[in-house]
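The primary structure of each chain is shown beneath.
Protein chains: 4
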Amino acid sequence: MTPPTTIIALMFGPDQPGLVATVSRWIFENGGNIIHADQHRDAEELIFFQRVEWSHADADDQELRRQAALFRAAAEALGMAVQITLSTDRPRIAVMVTKADHCFHDLALRWRAGELPCDLVCVISNHDDLRPAVQTYDGIAFHHVPKSKANKPAAEAEELAILQRHRVDLVVLARYMQVLTPDFLAKSGPVINIHHSFLPAFAGANPYRQAHARGVKLIGATAHYVTPELDEGPIIHQAVDDVSHRHDVTDLRRKGANLEKVVLSTAVLLHLQCRVLAYGRKTVTFD
Amino acid sequence: MTPPTTIIALMFGPDQPGLVATVSRWIFENGGNIIHADQHRDAEELIFFQRVEWSHADADDQELRRQAALFRAAAEALGMAVQITLSTDRPRIAVMVTKADHCFHDLALRWRAGELPCDLVCVISNHDDLRPAVQTYDGIAFHHVPKSKANKPAAEAEELAILQRHRVDLVVLARYMQVLTPDFLAKSGPVINIHHSFLPAFAGANPYRQAHARGVKLIGATAHYVTPELDEGPIIHQAVDDVSHRHDVTDLRRKGANLEKVVLSTAVLLHLQCRVLAYGRKTVTFD
Amino acid sequence: MTPPTTIIALMFGPDQPGLVATVSRWIFENGGNIIHADQHRDAEELIFFQRVEWSHADADDQELRRQAALFRAAAEALGMAVQITLSTDRPRIAVMVTKADHCFHDLALRWRAGELPCDLVCVISNHDDLRPAVQTYDGIAFHHVPKSKANKPAAEAEELAILQRHRVDLVVLARYMQVLTPDFLAKSGPVINIHHSFLPAFAGANPYRQAHARGVKLIGATAHYVTPELDEGPIIHQAVDDVSHRHDVTDLRRKGANLEKVVLSTAVLLHLQCRVLAYGRKTVTFD
Amino acid sequence: MTPPTTIIALMFGPDQPGLVATVSRWIFENGGNIIHADQHRDAEELIFFQRVEWSHADADDQELRRQAALFRAAAEALGMAVQITLSTDRPRIAVMVTKADHCFHDLALRWRAGELPCDLVCVISNHDDLRPAVQTYDGIAFHHVPKSKANKPAAEAEELAILQRHRVDLVVLARYMQVLTPDFLAKSGPVINIHHSFLPAFAGANPYRQAHARGVKLIGATAHYVTPELDEGPIIHQAVDDVSHRHDVTDLRRKGANLEKVVLSTAVLLHLQCRVLAYGRKTVTFD
Numbered sequence: 015m016t017p018p019t020t021i022i023a024l025m026f027g028p029d030q031p032g033l034v035a036t037v038s039r040w041i042f043e044n045g046g047n048i049i050h051a052d053q054h055r056d057a058e059e060l061i062f063f064q065r066v067e068w069s070h071a072d073a074d075d076q077e078l079r080r081q082a083a084l085f086r087a088a089a090e091a092l093g094m095a096v097q098i099t100l101s102t103d104r105p106r107i108a109v110m111v112t113k114a115d116h117c118f119h120d121l122a123l124r125w126r127a128g129e130l131p132c133d134l135v136c137v138i139s140n141h142d143d144l145r146p147a148v149q150t151y152d153g154i155a156f157h158h159v160p161k162s163k164a165n166k167p168a169a170e171a172e173e174l175a176i177l178q179r180h181r182v183d184l185v186v187l188a189r190y191m192q193v194l195t196p197d198f199l200a201k202s203g204p205v206i207n208i209h210h211s212f213l214p215a216f217a218g219a220n221p222y223r224q225a226h227a228r229g230v231k232l233i234g235a236t237a238h239y240v241t242p243e244l245d246e247g248p249i250i251h252q253a254v255d256d257v258s259h260r261h262d263v264t265d266l267r268r269k270g271a272n273l274e275k276v277v278l279s280t281a282v283l284l285h286l287q288c289r290v291l292a293y294g295r296k297t298v299t300f301d
Numbered sequence: 015m016t017p018p019t020t021i022i023a024l025m026f027g028p029d030q031p032g033l034v035a036t037v038s039r040w041i042f043e044n045g046g047n048i049i050h051a052d053q054h055r056d057a058e059e060l061i062f063f064q065r066v067e068w069s070h071a072d073a074d075d076q077e078l079r080r081q082a083a084l085f086r087a088a089a090e091a092l093g094m095a096v097q098i099t100l101s102t103d104r105p106r107i108a109v110m111v112t113k114a115d116h117c118f119h120d121l122a123l124r125w126r127a128g129e130l131p132c133d134l135v136c137v138i139s140n141h142d143d144l145r146p147a148v149q150t151y152d153g154i155a156f157h158h159v160p161k162s163k164a165n166k167p168a169a170e171a172e173e174l175a176i177l178q179r180h181r182v183d184l185v186v187l188a189r190y191m192q193v194l195t196p197d198f199l200a201k202s203g204p205v206i207n208i209h210h211s212f213l214p215a216f217a218g219a220n221p222y223r224q225a226h227a228r229g230v231k232l233i234g235a236t237a238h239y240v241t242p243e244l245d246e247g248p249i250i251h252q253a254v255d256d257v258s259h260r261h262d263v264t265d266l267r268r269k270g271a272n273l274e275k276v277v278l279s280t281a282v283l284l285h286l287q288c289r290v291l292a293y294g295r296k297t298v299t300f301d
Numbered sequence: 015m016t017p018p019t020t021i022i023a024l025m026f027g028p029d030q031p032g033l034v035a036t037v038s039r040w041i042f043e044n045g046g047n048i049i050h051a052d053q054h055r056d057a058e059e060l061i062f063f064q065r066v067e068w069s070h071a072d073a074d075d076q077e078l079r080r081q082a083a084l085f086r087a088a089a090e091a092l093g094m095a096v097q098i099t100l101s102t103d104r105p106r107i108a109v110m111v112t113k114a115d116h117c118f119h120d121l122a123l124r125w126r127a128g129e130l131p132c133d134l135v136c137v138i139s140n141h142d143d144l145r146p147a148v149q150t151y152d153g154i155a156f157h158h159v160p161k162s163k164a165n166k167p168a169a170e171a172e173e174l175a176i177l178q179r180h181r182v183d184l185v186v187l188a189r190y191m192q193v194l195t196p197d198f199l200a201k202s203g204p205v206i207n208i209h210h211s212f213l214p215a216f217a218g219a220n221p222y223r224q225a226h227a228r229g230v231k232l233i234g235a236t237a238h239y240v241t242p243e244l245d246e247g248p249i250i251h252q253a254v255d256d257v258s259h260r261h262d263v264t265d266l267r268r269k270g271a272n273l274e275k276v277v278l279s280t281a282v283l284l285h286l287q288c289r290v291l292a293y294g295r296k297t298v299t300f301d
Numbered sequence: 015m016t017p018p019t020t021i022i023a024l025m026f027g028p029d030q031p032g033l034v035a036t037v038s039r040w041i042f043e044n045g046g047n048i049i050h051a052d053q054h055r056d057a058e059e060l061i062f063f064q065r066v067e068w069s070h071a072d073a074d075d076q077e078l079r080r081q082a083a084l085f086r087a088a089a090e091a092l093g094m095a096v097q098i099t100l101s102t103d104r105p106r107i108a109v110m111v112t113k114a115d116h117c118f119h120d121l122a123l124r125w126r127a128g129e130l131p132c133d134l135v136c137v138i139s140n141h142d143d144l145r146p147a148v149q150t151y152d153g154i155a156f157h158h159v160p161k162s163k164a165n166k167p168a169a170e171a172e173e174l175a176i177l178q179r180h181r182v183d184l185v186v187l188a189r190y191m192q193v194l195t196p197d198f199l200a201k202s203g204p205v206i207n208i209h210h211s212f213l214p215a216f217a218g219a220n221p222y223r224q225a226h227a228r229g230v231k232l233i234g235a236t237a238h239y240v241t242p243e244l245d246e247g248p249i250i251h252q253a254v255d256d257v258s259h260r261h262d263v264t265d266l267r268r269k270g271a272n273l274e275k276v277v278l279s280t281a282v283l284l285h286l287q288c289r290v291l292a293y294g295r296k297t298v299t300f301d
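Protein chains in written order, with the numbering used here: chain A, 15 to 301; chain B, 15 to 301; chain C, 15 to 301; chain D, 15 to 301.
Since the list gives no way to pick out one identical chain from another, each pair is judged satisfied if it fits inside one copy or across any two copies.
Taking lysine to aspartate or glutamate pairs in the EDC-like style, the calculated list, with each CA pair at most 20 Å apart, reads:
no., residue 1, residue 2
1, 269, 255
2, 269, 129
3, 269, 301
4, 296, 255
5, 296, 256
6, 201, 183
7, 269, 256
8, 296, 265
9, 161, 172
10, 296, 262
11, 113, 129
12, 166, 142
13, 163, 142
14, 296, 243
Hints were generated in silico from the structure; no laboratory data involved.
Based on the provided sequences and hints, a complete structural model is requested.
And the structure:
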């Protein structure tokens with residue numbers, strides 16, 4: 015039995031009494047049935063966060079979209095910022111890579127296995143190396159956009175054009191070794207990056223070498239939204255693994271690659287399921 | 015600034031459309047302000063679960079208890095089974111021990127540090143060994159109730175009388191090495207046990223020896239509600255730690271003791287915060 | 015700089031005084047330089063285990079093999095059972111699969127990335143479904159050997175012939191859903207399996223369904239050598255992940271698949287690096 | 015059966031061929047029987063590290079100390095720096111605290127339970143608050159040494175005198191909130207500190223507040239040797255726990271306190287078992 019299509023709203027705004035009741039009553043009175051609802055209040059900053067998911071019996075896609083639009087208007091009238099989608103929507107994803115392919119394959123295999131509810135439409139790389147790897151997956155276009163200091167503005171313009179042509183909703187940096195400009199980020203829509211360390215430790219380049227030099231007993235990986243402040247964007251997910259003096263930098267890279275794959279794909283799945291609300295330097299993750 | 019006293023309701027019953035809206039509207043219309051609400055639907059068994067916590071501005075303790083009673087009646091009218099408490103209530107706890115003291119000290123120190131919102135009123139043991147350890151904590155009575163096959167019914171009757179005299183709300187088995195009878199459990203109220211293995215593996219006696227013989231690479235601990243079926247009660251919390259061939263049975267016991275302390279105190283805290291709903295062989299844990 | 019080729023010996027036998035000294039002196043007096051040495055004594059069963067790795071300056075492959083043969087003879091004279099390889103040896107691996115492809119892709123990608131020092135020479139499946147997936151990797155043959163109760167002896171004979179033709183050193187069951195007979199195991203050489211639970215809990219079929227029904231708070235995966243006793247072989251590696259009431263059986267399968275991949279590839283790597291000694295129902299894992 | 019007394023040597027120095035053989039032959043020829051031996055080579059810095067533990071049949075304490083002295087001379091002749099102890103030696107420990115008592119109780123209970131092979135002889139605090147807590151343990155002296163900017167040199171002199179009077183071998187900072195001067199550290203012998211974060215992230219004050227502000231999904235604790243560079247000493251052990259947006263700073267402190275206890279007592283045990291070699295900014299931990 016297919017589960018019914020649901021409407022998912024993700025919203026936040028200034029806290030006020032009765033918000034949970036107001037939202038759930040609105041849905042009930044409009045004929046909806048709440049499947050899940052989860053909320054959070056930031057008691058210091060007095061912000062209210064909610065993820066609510068509901069169905070309408072016998073409603074077709076058109077009716078669901080009408081309901082979604084009505085809800086958006088009602089929530090905005092309450093001062094909320096709202097993201098709203100249907101559970102059948104499939105966001106279009108672009109993956110940006112350089113030469114390392116482990117995170118790309120991990121995402122592509124999960125996508126092909128139906129584990130990630132999205133369309134993985136294209137890969138953009140500043141090198142041509144991964145073209146054959148990408149071409150083993152039906153339906154993913156590969157775009158080679160070389161990048162240098164000199165051509166960066168032109169290269170980013172080309173990348174943005176590719177994103178627009180593919181109508182991309184989400185960009186995933188799967189070990190993309192170039193810094194994106196604030197201008198790119200302002201136009202690209204949301205961008206998720208995997209950083210190969212337990213941020214905020216070892217921000218910047220060569221974190222496994224830094225971790226080895228410092229003699230840490232755990233290494234980590236961090237998936238975060240990209241903001242103009244390098245490695246400072248809101249954290250979506252993190253994980254760690256044990257290391258010891260027996261592990262050299264190569265071992266750390268191998269163990270780290272395992273972490274990167276799991277942490278990045280978990281973060282992308284949380285985003286696709288509309289479970290992540292970024293605000294300020296943080297996220298609320300309804301998992 | 016002291017946070018306001020809240021009413022916490024924990025309930026479950028047959029799922030039906032509009033439950034979230036009905037509950038939140040009821041609270042709003044009775045002047046309450048929802049602080050947290052979390053719910054879950056068991057999609058296979060069509061059961062609805064909810065934990066909801068709310069405050070009333072300017073309400074004194076008497077008014078809050080009146081509201082709680084009204085809510086209970088309303089929820090029961092919806093077919094829900096309800097547990098309801100005020101955040102200022104301090105359940106009275108009895109700890110049952112044998113000779114091992116690590117879990118007892120862990121609970122007692124956390125209680126004394128204010129980390130566990132309860133009154134740890136007494137310790138019952140089938141041996142007298144831990145009397146001096148218990149007496150270093152002000153306010154905890156120690157009761158020695160020896161137990162043998164022959165005197166078990168009388169001993170359990172004495173234990174139940176102690177629980178009643180201390181008006182105990184929750185019994186915690188902190189490495190108590192005796193099986194409680196169904197009759198005891200029917201009268202004692204809820205009982206939480208720490209089992210020194212990752213259940214359902216290695217149920218029964220000497221789990222660390224079993225784990226060592228089997229050569230597992232991880233050992234665990236499990237906190238669960240006690241039911242008449244030994245080691246089969248609903249699981250509240252579990253954790254594991256790495257082991258290797260270098261660890262002998264003594265090492266496993268030491269590592270296991272660390273796990274037991276953290277897992278048991280976490281489970282007791284979850285129970286005290288009204289976050290655990292047991293149903294059938296499972297729990298819903300709103301953490 | 016390429017590290018020098020090393021000889022790796024893995025051995026165990028009855029404990030006796032001076033073994034470490036005897037072994038290291040032998041290597042030194044034959045011109046070797048110990049790079050790593052790790053040993054373990056099972057104090058209950060009085061068994062000595064050692065992994066020792068050494069190099070010879072300026073020795074070519076032929077000289078190293080001569081030294082390895084000399085060492086084997088010397089160790090056997092001490093009553094030791096010995097496995098011995100050169101660090102440049104590349105064991106030949108066959109992967110057996112049914113329909114699930116996540117563990118296969120994980121192994122194949124790691125092999126192609128140079129992370130697993132082996133030759134992945136063939137895949138054997140009782141279904142034809144994964145043929146196209148296998149064919150995207152250059153150099154891996156695909157063999158379809160259908161299996162039913164009726165044809166099992168003939169099918170296993172065909173599988174053994176395939177293993178022999180490919181000169182396979184290690185068989186990896188990457189979610190192969192058929193029980194291998196003791197006869198097959200006697201002829202196949204070592205076989206590593208991934209079991210989708212934290213053994214010994216939930217042995218047998220449908221472990222994620224069992225885990226969900228039992229309401230556990232952690233799920234696991236276990237890689238072990240296959241023996242005639244189903245799910246009872248010596249454990250090489252295990253890992254777990256958190257679950258809650260929010261996760262249905264599908265979620266458990268997805269989380270479990272992540273564990274299976276990491277646990278299986280870790281176990282295969284440990285085996286390939288000659289770090290695992292199986293004895294009785296256990297392993298010593300020099301990691 | 016009591017295990018035999020062993021000699022434990024922990025040493026490091028410039029790598030050279032045949033070291034393992036030389037050491038094990040020396041022990042064998044002097045009548046010793048190696049129980050454990052573990053070594054490591056830092057391939058970048060060409061340093062050799064070894065922990066070796068051996069017994070002598072029928073040797074009394076005096077003979078073992080004679081053997082230990084002979085070994086030290088032999089190892090130093092090889093250019094090694096050596097620490098050497100008997101397994102029956104019980105290092106004398108001083109614990110320094112301020113007001114938080116969780117780490118102190120954890121250490122004291124483990125010491126009393128026989129889990130830590132040491133004599134916990136005294137507690138030194140810059141406040142008098144924990145005197146009653148300390149006095150519940152027989153045999154631990156409490157010393158109150160108030161500290162201010164003005165009296166720091168005098169206070170440290172008094173602390174050093176206390177350490178000397180108690181013949182202290184190891185100082186453990188169990189949430190001691192004062193920075194020790196390089197002069198103190200030069201005279202005190204080894205000092206282990208617990209830092210309430212996953213170093214190098216969130217070094218300095220209020221790490222749980224920093225972690226909350228940054229929105230991390232994991233918090234950690236780090237035990238390290240203290241050096242004149244604040245929070246930069248060689249790391250002995252680390253662990254982490256999950257957190258989410260639901261956890262406020264108080265929750266982080268409670269979860270963090272659990273981590274601190276386990277990480278600190280693990281590090282102290284590793285040190286007491288002569289498993290930790292500090293060199294430069296790192297440790298080699300033979301666990």
